[in-house]
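Build the full structure now, drawing on both the sequences and the hints.
Protein chains in written order, with the working numbering: chain E, 1 to 288; chain C, 289 to 565; chain B, 566 to 852.
Honestly, the hints are just simulated from the structure, not real lab data.
Derived CB-CB ranges, DEER-like:
(1) E/Thr195 - B/Asp642: 54 to 60 Å
(2) B/Val614 - E/Val110: 18 to 24 Å
(3) C/Asp421 - B/Asn744: 32 to 38 Å
Here a beta-carbon is modelled for each residue, glycine too, at the ideal position from N, C-alpha and C.
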Amino acid sequence: MPTLTDNESSVDENANNGPATNVSQRRLFGQLARWRRLLIGLASFVVAIAIWYLLTDGAHVIQPLKLPSPVAVAQRIQRLVSHPYVRHTLWGHASASIQVVLLGWLAGGVIGAPAGVLMAWSRRFRAATYPVFHILRPISPIAWIPLAITWMGIGVEARVFIVFVAAVVPWVLNSMEAVRSVDPMLIRASRNLGTSSLGTLGRVVLPASLPTLMAGARVALGNAWTSVIAAELLAATSGLGYVALTAANALDSKTTFAAMAVIGAIGFVLSALMRAVAKLLAPWAKGL
Amino acid sequence: MPLESDMKYQAKTNEPDRAAVPKLSLRQVSKVFEARRGSVRALEPTDLDVREGEFLTIVGPSGCGKSTMLMIGSGLETPSSGTIAVDGRPAGKPGPDRSVVFQQFALFPHLNVMRNIGYGLKVAGVKKSERQDAVEQQISVMGLDGFQKAYPSELSGGMQQRVAIARALVLQPSLLFMDEPFGALDAQTRTQMQDEMARLRTRMTSTVLFVTHSVEEAVFLGTRIVVMSPRPGRIIADIPIAENAPWKGMAIEAAMGEPQFNSLREEVWNLLHTKTE
Amino acid sequence: MGEGALIVTTADADVVATRTKSSRWYKPDRDGWFDTGLGVTSVVALFVVWAVAAIITNHNHPGLVPTPVKVAKSFADLSTNSFAGHTLFGHVLSSLGRWGLGFVFAIVLGVPLGIIFGSITLVREAVSPIFEFLRYIPPFAWIPPAVLWFGSGQTSQALIVFIAAFPAIVISTQVAAANVDPALLRASRTLGAGHLRRLGQVITPIALPGVFAGVRVAASNGWMALIAAELIGGRVGVGFLIAQGEDYGATDIVMVGMVAIAITAAILDLIVIALSKRLTRWRKRAA
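Next up, the structure:
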């Protein structure tokens, strides 16, 4: 990464070092760089929380109505774990949200991934389906919400549908791109060796396209998580988004921010899980 | 440790005054990089003096630190130890007086050829009309006529490097640093550029430091060859070449048939491939 | 230095031709015409299925699924007559106004911040972690706090647009600035350019394509966030229009609104793309 000072340079790191540094010294210097970044990150995080605390509980610059202190938020989270808020505990609401996300995301994948692969693999299929996809795609999942409510009510089905709409687009696009980006040489080699079209698809194209597919899965999950919150703001009786909005309307800032913190945390966990799974299934891929 | 080389190649005429201050002087310059996996010694403490008007070529294997030395000399890298002096005074920040030509051209993609070449002049505050004149002149010297409004993305590698050289030369630097400038070009373009460089040399007043992989290039273009050992880099030979050596003035293809050229080339090659203790 | 066509030629006509520089979905050959026909047929089929579904459901639930014709009629109607205070166009403009406010602020704040983050390692390392965490909170999740602070009025909606658009802009700008070829920075130093010049004359222009990529995403994120905010508590705008349609059970109006949202989003996208092409004409133009 370029900086305005020249601390780093493009140098062949893999070459042997001179006799002056031994293995343990080298390792120490390497660790130091990584720790430094971690430390700075942690420090800034702590500073941010500290400022938050000072502004609220410390100097009372910000009223608790607008922004509760981190302590209050933490306490509220603790309370919500055992005491129900609008019929469910924190865990109840969280799992409601997560279930909807997973269902919609999986549905998006089950339908979107094969569709995308086929679109890239077969010209006929693409000619037939892509135009329809292209027309429906710009209609954002948010825009679908009122329609979904009218047709399905404020139940789980409506929300899963919204999440599905949000997730299916990246599934399709990335699956398409994943197949398209496979080196044509590989395909040609496989065909030349006598593998059938389907066999090539299964044994060459799919494994080679795995990294991009994983990336698509991750984007789809991100979309899914985003849209479930939106759906819960409008079409729900449970879920973290529902909790947040209900609390906001009741001017209950502590619960609002408690819900937000949990939303962020779950987003983080989902993202980390996706990254771990991707690493597991396609360890050779970079940038995951 | 400089070797005694054949007297034939020693500069006989125009020997510079030995008491004169070297144009560029590196003293005990070394570089250690802190990389993710630990520290890397790119350059062992090295001394190098470059006299005014020299065309110094530096040859060495990959990773021997020659590029690092060049970067330190130009001011783009700060050494881990040692000092750099230009005209006897401590060298300051990098600037147009120590122009650099990079292997990857490093042309500003968002500027056309004219603006690329004129960039240094613009930074220096040269008036537009003067700037344009200087740039136009450089353009005809480098054979870029007609390409003034072209963007780097539209140019071939050879053309881009010409622009890069023009950009450096238009500033009339007293020191010109060239870091494997023809390394990214295909073989034919490279040969062309080598001949062009030799031609340019006769009209340049700059002192040149030229880093290269290629022994032929070094022997063909240089008035002095510095040979470096593999990492950690050290200078193992320092060979002066006469300005009027037999192959100067030839095209490089022709030069390669010249016996003295070849024996010097072989000598350097052997130096590069002997294991030093 | 992009390679030209990479075409896989095999006997099996089904295997798709992969990227060529000028590859389009439909090539003007005999096969291409057939494909176009297929596409048109499936789109038509979509509308037919829709119309049939409308007619069938109209039996038991009149008005639940409006026919395509009805939607078209409503579209025309709303374009000339007011509904819930404005014509369709009036609502869209009102929405665009609030979107524009939040969006412009996001750019004005986000681009310089992103450039600075991307160029100065220390600042980036210090601020990134906070950004990273905030990134996991979806933009819509900021609607409740915005409601808490500002109610459901104009200000809060513009703020929501800002929050939705800002991260995309900062992050993509930062990445673009950080990915500027270090050789270019070295070259500019050797040509005498100081810190400020490097920032403004080298890093910023070269990062611009990447910035625009983020701007595109931010524009669409912001637009969607606005609609969501309007759906929740708006009093004017296309989201509000849809909500009203929903309240009155006028599904055709809901669909008109959906179409209007999609068209506006597409137009905004085209504008951003056109602008980006204009400002980054130096990009690979090689044939």
